[in-house]
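**Q** This is what each chain is made of:
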Amino acid sequence: MLSSEHAELVALVEKMPAFPKSVQRVVQLTSNIDVSAKEIVQVIECDPVLTVKILKVINSAFYGLSQKINSVQRAVVHIGLNTVKNLAMSVAAMGMLKNSNQANFSATAFLLHALTTAAISRKLAERAGLSQQECSDSFVAGLLHDFGKVVFAEFMPERFRLALAKSREDNVSLHLTELEFIGINHAEAGTLLAEKWGLSELLIEAIRHHHGRPVNAFGECLFAANQISKHLHFGDAGNPVVEAFPEAIADRFGMPLEALIEDLGDLRFMLKEAELFVKL
Amino acid sequence: MKFKFWGVRGSIPTPGPQTVKYGGNTTCIEIRTNRNELIILDAGTGIHALAQTLLRDMPITAHIFITHTHWDHIQGLPFFLPIFFKNNRINLYGGQDPVTDENINRALSAQLQYSYFPIHEAQLKARIDYLTVRPGETVSVGSARITPIILNHPVLNFGYRVDCDGASLFFTGDFESPINIYQPEDDNYASYRGFLLEKHQEIIEAMQDVDALIVDSSYTDEEYATRLGWGHGTYRSGIKLASEANAKRLFLTHHEPTRTDADLDLIYRDLLEQHPRFADKLFIAREGLEVCF
Ligand SMILES: [Zn+2]
Ligand SMILES: [Zn+2]
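For the protein sequence lines, the chains are V and E, in the order given.
Heads up: the first sequence is residues 4 to 283, going by my numbering.
Heads up: the second sequence is residues -19 to 273, going by my numbering.
If you are wondering where the hints come from, they were derived from the structure by calculation, not from laboratory data.
A hint or two may mislead.
[Unchecked claim] Under the rule of at most 27 Å between Cα atoms (straight-line distance), these lysine-lysine pairs were calculated in the DSS-like manner:
1) V:K59 to E:K179
2) V:K169 to V:K59
3) E:K179 to V:K71
4) E:K179 to V:K41
5) V:K41 to V:K126
6) V:K199 to E:K179
7) E:K261 to E:K228
[Claimed, not checked] Stretch-level coverage of chain E by chain V, calculated; a stretch enters the list once three of its residues show a Cβ under 8 Å from a Cβ in chain V:
8) 114 to 121
9) 127 to 135
10) 165 to 175
11) 256 to 265
[Stated by the list, open to error] Just the calculated beta-carbon pair ranges, DEER-fashion:
12) V:V30 to E:P(-5): 37 to 43 Å
13) E:R173 to V:K275: 25 to 31 Å
14) E:R125 to V:V30: 42 to 48 Å
15) E:T118 to V:V245: 22 to 28 Å
16) V:V30 to E:S89: 28 to 34 Å
17) V:A10 to E:R107: 56 to 62 Å
18) E:G146 to V:S34: 51 to 57 Å
19) E:D189 to V:N104: 55 to 61 Å
20) E:R216 to V:S34: 30 to 36 Å
21) E:Q93 to V:R171: 55 to 61 Å
Every residue, glycine too, gets a C-beta built ideally from N, C-alpha and C.
Using the sequences and the hints given, assemble the complete structure.
**A** Here you go:
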């Protein structure tokens, strides 16, 4: 992918609509003047596009906050619920992502993968003893790690379709076939966008390395959560390959992938919760 | 430094026999530095009377800081007469709306459309500059330094701290202290509480030790109970801010439109009774009240 294409991509994403269920709920909730604030926040927290929109605004140079803000809740405290609500409405007004697109990429299945990865990631962060703030940030990391794929499906569906097909047929990792057909993989595209949006270094690095070698415990939780979600077939973000834990991650949790899943106990409630949220 | 109230009413102008004492114009505060530099906080209808006093001194330079773009804080802008005369310089400061991305020039140009006002923006004779302020970034105006901080309201709202001539003032604009959106039994309650405390701390620091704290205190506690989330403070919340920030004087403003002079007198008397510590530092803002320090 050329750097001029990078710039174009960033500009296109500005106009990207959110996921159908959340658009529907934002419209529903905002037409009710008595709606509870936490319901609105929950809708935003469970939609990657809405979350990105809020974090982008709060972290923009305009607010000049000394510290990056990764959580929608903190954004609400800083710029006010009504402003956050109106930002969500302005995204909702752009329409909604189509559930099936020319790339054969299911938005619903994707969202299930993103939400369960988010929930598992937070659970692993708690297990790894990260700070309360990093634990809540790790949910956001899980939600956003594959954002690049949504962008591919929306703006370069033909090339992404080829990448998805080859990944599935040859059972090779999607980020490799993306490189072949698109010239950039979703981790790189996501990193690029996260940098443009002024997200924190912690999130940017976790997204960058979620298929490589994470550089810290935070990134390792995301890496592991992503593999666990895929291994359990919670949703589907198009990548059939489950990667084994690199040594550092197996060391972090003191066991390999399968053993960790066993040790975490029944995670199906996470899928149930995500389904409740996602299904139309 | 000195300052003077030209408008103390919230929401809508309320002229009439019941508001003669405190006044019926909406928010406007004039600040003069010792070097006579002119800073104006908000351009509610009170700015019209202020403008009358400026005509004899033209050409003038005025620095108008807008807390937020609700009508009662900008409605007087087209009636700020110096904008119609050559050689006047008006600097209009305000935030960039995160939802619309619009800057403060929008507030004026929206009002100067032919269906609403007979004169078009292009016909204003004064030199008008629009300046976007950012939270935490101090702006220098002559000898004064003005620092904005975001305060919770249904639209982006800045509180402004003005430091000048060794004295200081803080005006909240419209402000409701945010409450926890979660219930104590919710998972997110504790972390949200942490975020609120952190923001509250930032606000108290911004107001710390000011000589004059001017706060939105629209409601009584009883009224507030049915107006949660409307974006305004109470007499109680104003007093709380003043004591936490160790403000030397507290001015309660943005009077609720139905509040009569008699109501305000009564409220003032009760407040002084309940808060004897504030006896010599608590004031109800009224049009024409001027304070020097
Ligand atoms: Zn991925
Ligand atoms: Zn207001």
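**Q** Check the structure against each numbered hint from earlier and tell me which ones fail, lowest number first.
**A** Failing hints, ascending: 2, 11, 15 and 17.
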